[in-house]
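> Next come the chains, spelled out residue by residue.
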Amino acid sequence: MSTKKAVLGLKTVLWIAALLPAAWLARGLMQSDLGPNPIETLTRVTGMTALVLLLVTLAVTPFRRVTGWNPVIKLRRPLGLFAFFYALMHFSIWFVFDMVFNVQYMIEDIAERKYITVGMAALLVLIPLAVTSTRGWIRRLGKKWSTLHKGVYLATALAVVHYFWLVKADTRLPVLLAVCLVALLLVRLPVFAPGGTSRKGREGRRGGSSGPTARPAGPSEGEAPASVGQGVEDDVDAEGVRIG
Amino acid sequence: MIIRRPPDIPSSEITPEGVYVNRRKFIKAAAAGAAGFALGPSALEASELQQSQEIPPRFARLQSELDEPLNSYRDVTTYNNFYEFGPGKDDPHRNSGEFQPEPWTVSIGGECNKPGDYHLEDLLSGVTLEDRVYRLRCVEAWSMVIPWYGFQLSSLINRVEPTGNARYIRFETVVRPEEMPGQRQAILNWPYVEGLRMDEAMHPLTILATGVYGMDLPNQNGAPLRLVVPWKYGFKGVKSIVRIDFVEEMPLNTWQRQNAFEYGFFANVNPNVSHPRWSQARERRLPSLFKNFDTMMFNGYADQVQHLYAGMDLERWK
Numbered sequence: 001m002s003t004k005k006a007v008l009g010l011k012t013v014l015w016i017a018a019l020l021p022a023a024w025l026a027r028g029l030m031q032s033d034l035g036p037n038p039i040e041t042l043t044r045v046t047g048m049t050a051l052v053l054l055l056v057t058l059a060v061t062p063f064r065r066v067t068g069w070n071p072v073i074k075l076r077r078p079l080g081l082f083a084f085f086y087a088l089m090h091f092s093i094w095f096v097f098d099m100v101f102n103v104q105y106m107i108e109d110i111a112e113r114k115y116i117t118v119g120m121a122a123l124l125v126l127i128p129l130a131v132t133s134t135r136g137w138i139r140r141l142g143k144k145w146s147t148l149h150k151g152v153y154l155a156t157a158l159a160v161v162h163y164f165w166l167v168k169a170d171t172r173l174p175v176l177l178a179v180c181l182v183a184l185l186l187v188r189l190p191v192f193a194p195g196g197t198s199r200k201g202r203e204g205r206r207g208g209s210s211g212p213t214a215r216p217a218g219p220s221e222g223e224a225p226a227s228v229g230q231g232v233e234d235d236v237d238a239e240g241v242r243i244g
Numbered sequence: 001m002i003i004r005r006p007p008d009i010p011s012s013e014i015t016p017e018g019v020y021v022n023r024r025k026f027i028k029a030a031a032a033g034a035a036g037f038a039l040g041p042s043a044l045e046a047s048e049l050q051q052s053q054e055i056p057p058r059f060a061r062l063q064s065e066l067d068e069p070l071n072s073y074r075d076v077t078t079y080n081n082f083y084e085f086g087p088g089k090d091d092p093h094r095n096s097g098e099f100q101p102e103p104w105t106v107s108i109g110g111e112c113n114k115p116g117d118y119h120l121e122d123l124l125s126g127v128t129l130e131d132r133v134y135r136l137r138c139v140e141a142w143s144m145v146i147p148w149y150g151f152q153l154s155s156l157i158n159r160v161e162p163t164g165n166a167r168y169i170r171f172e173t174v175v176r177p178e179e180m181p182g183q184r185q186a187i188l189n190w191p192y193v194e195g196l197r198m199d200e201a202m203h204p205l206t207i208l209a210t211g212v213y214g215m216d217l218p219n220q221n222g223a224p225l226r227l228v229v230p231w232k233y234g235f236k237g238v239k240s241i242v243r244i245d246f247v248e249e250m251p252l253n254t255w256q257r258q259n260a261f262e263y264g265f266f267a268n269v270n271p272n273v274s275h276p277r278w279s280q281a282r283e284r285r286l287p288s289l290f291k292n293f294d295t296m297m298f299n300g301y302a303d304q305v306q307h308l309y310a311g312m313d314l315e316r317w318k
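Taken in order, these protein sequences are the chains called A and B.
Residue numbering for the first sequence follows my numbering, starting at 1 and increasing by one per position.
Residue numbering for the second sequence follows my numbering, starting at 1 and increasing by one per position.
Calculated directly from the structure, the hints in this document are not laboratory data.
Any given hint could turn out to be false.
No farther apart than 25 angstroms at their CA atoms in a straight line, the calculated lysine-lysine pairs in the BS3-like style are these [as the list claims (entries may be wrong)]: (1) A:K150 <-> A:K114; (2) B:K318 <-> A:K114; (3) B:K318 <-> A:K168; (4) A:K74 <-> A:K168; (5) A:K74 <-> A:K4; (6) A:K74 <-> A:K144.
Derived contacts from chain A toward chain B, CB cut-off under 8 angstroms, selection only [unchecked claim]: (7) G35; (8) N37; (9) I39; (10) E112; (11) A130.
Just so you know, even glycine gets a beta-carbon here, dropped at the ideal spot from N, CA and C.
Put together the whole structure using the sequences plus the hints.
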């Protein structure tokens with residue numbers, strides 16, 4: 001099976017899976033089936049979906065390292081954009097139904113309630129990432145693009161804190177998501193990233209990116225531990241190869 | 001805004017004569033008579049009401065009591081905070097099927113002359129059961145209007161004769177992890193504890209509810225006996241009560257114990273005292289989608305209760 005076909009298939013699955021929560025909510029709204037407080041359901045489901053998608057986005061690079069299957073990186077942009085889509089819906093529902101379009105209420109709430117402060121911060125961090133997710137922006141920003149897009153770590157961390165702080169008593173789920181986040185950050189540490197995507201490997205891909213796998217040969221494993229940032233850079237280049 | 005309402009509820013006027021027999025006994029009799037293969041009328045009615053958003057015609061009269069529309073039976077029984085059955089709003093109605101509210105005994109003790117274990121039927125025999133339409137304001141900034149069915153707590157208190165040392169009354173919810181799946185985790189410190197100052201407990205608005213919409217309380221609403229204090233946030237309404245004690249010291253209620261920074265003992269509805277999680281100035285009056293209903297001081301019962309708190313710093317005693 002060609003890589004192109006595999007990526008197309010995965011993207012199709014991703015689109016369907018990522019739209020399922022929205023479809024479920026739309027069906028529930030149309031059938032008045034979201035319970036006596038549908039806004040609470042809408043807020044909860046969109047927020048949870050955004051957070052989970054952010055974590056899945058952060059899982060792409062570790063997945064690539066472990067499996068050595070580089071084309072998976074092509075799922076990262078749609079995943080990130082879907083996360084942003086749900087975060088934006090989450091915010092909009094809050095602004096329309098909870099803040100009833102009142103900017104002053106909104107400012108007060110952001111200032112007075114720390115879980116809302118960090119939630120808002122997470123969204124603000126995501127906005128430039130979504131805007132600069134196009135090929136044009138990747139090219140234009142060059143190295144700065146990867147620096148900017150490290151913001152996804154910050155946004156996800158803020159989103160997890162937002163969730164943890166808003167839960168009244170049952171912190172099991174926010175704690176589980178925090179553990180996932182920490183794990184996804186830890187696997188980016190040099191000890192866990194033994195040069196699986198070293199510069200050497202990248203060079204290799206540049207030469208012939210159409211190969212079934214661009215994973216570097218065994219011997220390079222264990223050399224030149226990659227920093228957290230480097231992994232991201234590598235990914236940009238991987239995208240760049242596809243674009244170029 | 002103050003809702004028109006006489007200072008004391010004219011309970012004799014709002015209880016339709018003869019309509020509200022003891023439903024629990026009625027079901028029992030019906031079930032026995034039908035050799036167990038038919039549901040009692042009350043249970044059947046409840047399941048029908050559960051399916052619709054309609055307000056049964058015979059409650060239209062109650063509806064006019066507050067000038068605010070009643071929430072449907074379905075709203076009232078499918079959207080609950082009852083962590084003993086799980087932390088989600090729909091957990092209580094999904095997970096409470098195993099719960100057995102019969103037979104039921106309440107242990108009454110502490111500073112009173114007639115302590116003891118009282119059967120629920122015994123407690124109910126000496127009181128006047130009546131409909132009470134109250135607003136319910138949750139600390140989470142949503143609210144409903146609910147036709148409870150129950151009796152004034154004061155009548156029970158008078159019967160067991162608290163001593164001069166009784167300054168507070170303390171309630172406990174039953175602990176039955178085998179029937180209450182939420183209790184299998186230490187989400188809160190079980191048993192759920194709540195309390196009132198004696199003057200609050202004796203107030204004519206304070207009731208122990210045994211029903212809603214004239215029918216027995218469903219399990220998810222705190223069967224078979226729960227507290228309703230309409231001028232306080234909903235979490236004061238301790239459910240499935242098995243223990244009542246008269247005490248000298250202010251009880252440490254569950255949510256205050258969980259997070260004293262956010263929850264206090266008094267928990268009076270107050271739009272001017274903000275909560276770290278929710279502005280209390282506005283509420284979502286379900287089933288409205290918008291959180292645009294201005295919260296009223298003491299939930300609209302200021303005329304009846306504000307004298308209880310004269311001179312108190314309501315910011316401090318939240």
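> Of all the hints given earlier, name the ones this structure violates by number, lowest first.
4 and 11
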